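Kindly produce the complete structure, drawing on both the sequences and the hints.
Line by line, the protein sequences give chains A and R.
Take 1 as the starting number for the first sequence in the working numbering and just add one per residue.
Take 1 as the starting number for the second sequence in the working numbering and just add one per residue.
Don't read these hints as lab results, they were simulated from the structure.
Check each hint, because a few of them may be wrong.
If you anchor each label on the Cβ, the simulated ranges turn out as follows [claimed, not checked]:
#1 R:G16 / A:G48: 32 to 38 Å
#2 R:D7 / A:A94: 24 to 30 Å
#3 A:V36 / R:R55: 46 to 52 Å
#4 A:P47 / R:L36: 41 to 47 Å
#5 R:L44 / A:A25: 19 to 25 Å
#6 A:P136 / R:D7: 14 to 20 Å
#7 A:K46 / R:E52: 44 to 50 Å
#8 A:T49 / R:S33: 38 to 44 Å
#9 R:V138 / A:A25: 38 to 44 Å
#10 R:P19 / A:P136: 29 to 35 Å
#11 A:K103 / R:Q85: 33 to 39 Å
#12 A:S3 / R:S33: 47 to 53 Å
#13 R:S178 / A:A94: 49 to 55 Å
#14 R:S240 / A:A25: 34 to 40 Å
Given the structure is predicted, the values throughout are model-derived calculations rather than measurements.
Yeah, the Cβ is synthetic: ideal placement off N, Cα and C, and Gly gets one too.
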Amino acid sequence: MTSQDVVAHIQRLRRYARFLCRNTADADDLVQDTLVKAIARAELFKPGTDLRVWLFAILHNTFVSGTRSYERRQRVSSVFVHDDGVRIEASQEAHVELRRVLKAVDRLPDDQRRVILLVSVDGLTTDEAAVVLDLPVGTVRSRLARGREALRRLAHREAGGTSALRLVGGHDVQTG
Amino acid sequence: MSKPVEDWELSAFIDGDLPSQRMEEIEAEAARSPELRRHLSELLADHQALVELARLETASMGDLPHRLADAGSELAMELHTAVSQSSRARPSFVSQMWRQVAMLTAGVAVGWAAASWAAGHDDPLSAFIDEAAEVHRVSAAAPFFAREASESAIGSVETLFAHKLTPPDLALAGFTLSRIDVVATDTGPAALFVYTDPEARRLSLVLSLDSPILEALNRDGAEPRVTTHDGLAVSYGKASDVAYALVGSIPEPRARRIARLVSNSLTQ
Numbered sequence: 001m002t003s004q005d006v007v008a009h010i011q012r013l014r015r016y017a018r019f020l021c022r023n024t025a026d027a028d029d030l031v032q033d034t035l036v037k038a039i040a041r042a043e044l045f046k047p048g049t050d051l052r053v054w055l056f057a058i059l060h061n062t063f064v065s066g067t068r069s070y071e072r073r074q075r076v077s078s079v080f081v082h083d084d085g086v087r088i089e090a091s092q093e094a095h096v097e098l099r100r101v102l103k104a105v106d107r108l109p110d111d112q113r114r115v116i117l118l119v120s121v122d123g124l125t126t127d128e129a130a131v132v133l134d135l136p137v138g139t140v141r142s143r144l145a146r147g148r149e150a151l152r153r154l155a156h157r158e159a160g161g162t163s164a165l166r167l168v169g170g171h172d173v174q175t176g
Numbered sequence: 001m002s003k004p005v006e007d008w009e010l011s012a013f014i015d016g017d018l019p020s021q022r023m024e025e026i027e028a029e030a031a032r033s034p035e036l037r038r039h040l041s042e043l044l045a046d047h048q049a050l051v052e053l054a055r056l057e058t059a060s061m062g063d064l065p066h067r068l069a070d071a072g073s074e075l076a077m078e079l080h081t082a083v084s085q086s087s088r089a090r091p092s093f094v095s096q097m098w099r100q101v102a103m104l105t106a107g108v109a110v111g112w113a114a115a116s117w118a119a120g121h122d123d124p125l126s127a128f129i130d131e132a133a134e135v136h137r138v139s140a141a142a143p144f145f146a147r148e149a150s151e152s153a154i155g156s157v158e159t160l161f162a163h164k165l166t167p168p169d170l171a172l173a174g175f176t177l178s179r180i181d182v183v184a185t186d187t188g189p190a191a192l193f194v195y196t197d198p199e200a201r202r203l204s205l206v207l208s209l210d211s212p213i214l215e216a217l218n219r220d221g222a223e224p225r226v227t228t229h230d231g232l233a234v235s236y237g238k239a240s241d242v243a244y245a246l247v248g249s250i251p252e253p254r255a256r257r258i259a260r261l262v263s264n265s266l267t268q
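Shown next, in the form of structure tokens:
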């Protein structure tokens, strides 16, 4: 276990945290809290298991247990999803498309959003995401499928100008 | 003609998370159905947009802030130390565990207060659940709280140790055995196995040979039951003439699943 290994994992944690918190300051605070907990529990890490999954699980639990404070600040400084947020350096057309998907992700129910971020953004398998979220893998697959379908409806109907209230995975989501 | 494509399979298709035959069937179906093709292409476009967003976000992050880099270095050092200690300790862990079991037997010689058995409880099962939850709470602070025991208690526990005290392996549930204790409860002497997961959550497994408890469990069948006790999930049952109670701050369905692992392990 080298510092470089850990640094590589920290960058992945930061990325996931930015998508969760939607602003860089909160995201780095969340990662810092995660690392402090990981240091305190280092002896519980099982050699031969996936350090990345272990760290993501700690980060996820830290976020969930601290959601109230993160969300409170988020309303004040929700830079990630708004026009002054993500530093997208793509073409204008791609920029619009990415921003639309990002906004749609932000409107998903939390349980679906977290699964989608772990799998599509961070490249975890559904089995790994199940460990991180402490859920049965069947539940993760179900949430992923429902979340992706909700995302598709939000992103692509929005592109077509449709405005409606749609039922997404048991939650009402304003699509317009 | 293949079976209809279900919604969850579309998501699994995006991840390539289906058997190859099913992947080919869905590809063939998409080639036939413009609607399915459009559906899949939209799902794939969203997935690729997220992958692209992740790439852009990574590119924008730059170097680690000093505070995170420092914490990372400290974590690497702590993990290195923990892994080194673990590899040194591993060969002796099993013998250490059984040395602890031997200590438990020796502890019996010191004895428990059998007179306190079942005192004040009309329902032995409720008493067992109460005591297991109490053991879970107290064991975090008190490593040993054995008391005197009667000859019959000693005999019971020696039997338990001799034949039925293989600690269940809960690795499948993500928990590792971290401690073995002997406890004296109002329902008699009991063995305590403490498990922890990577998040430092504790599970206490309390095993008892108390006859009234076993008789009460006989009436309820073999399937583990789950209840809550002051915010703790308690899953309990009987396997191979041992009463067990599993206690922890975990969801009830999970407590039931882990209890099944315990039951299977004790039955083997």
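Structure-based check of all given hints:
no. : hint                       : verdict
1   : R:G16 / A:G48: 32 to 38 Å  : violated, 26 Å
2   : R:D7 / A:A94: 24 to 30 Å   : holds, 28 Å
3   : A:V36 / R:R55: 46 to 52 Å  : violated, 29 Å
4   : A:P47 / R:L36: 41 to 47 Å  : holds, 46 Å
5   : R:L44 / A:A25: 19 to 25 Å  : violated, 34 Å
6   : A:P136 / R:D7: 14 to 20 Å  : holds, 18 Å
7   : A:K46 / R:E52: 44 to 50 Å  : violated, 34 Å
8   : A:T49 / R:S33: 38 to 44 Å  : holds, 42 Å
9   : R:V138 / A:A25: 38 to 44 Å : holds, 42 Å
10  : R:P19 / A:P136: 29 to 35 Å : violated, 20 Å
11  : A:K103 / R:Q85: 33 to 39 Å : violated, 48 Å
12  : A:S3 / R:S33: 47 to 53 Å   : holds, 52 Å
13  : R:S178 / A:A94: 49 to 55 Å : holds, 51 Å
14  : R:S240 / A:A25: 34 to 40 Å : violated, 56 Å
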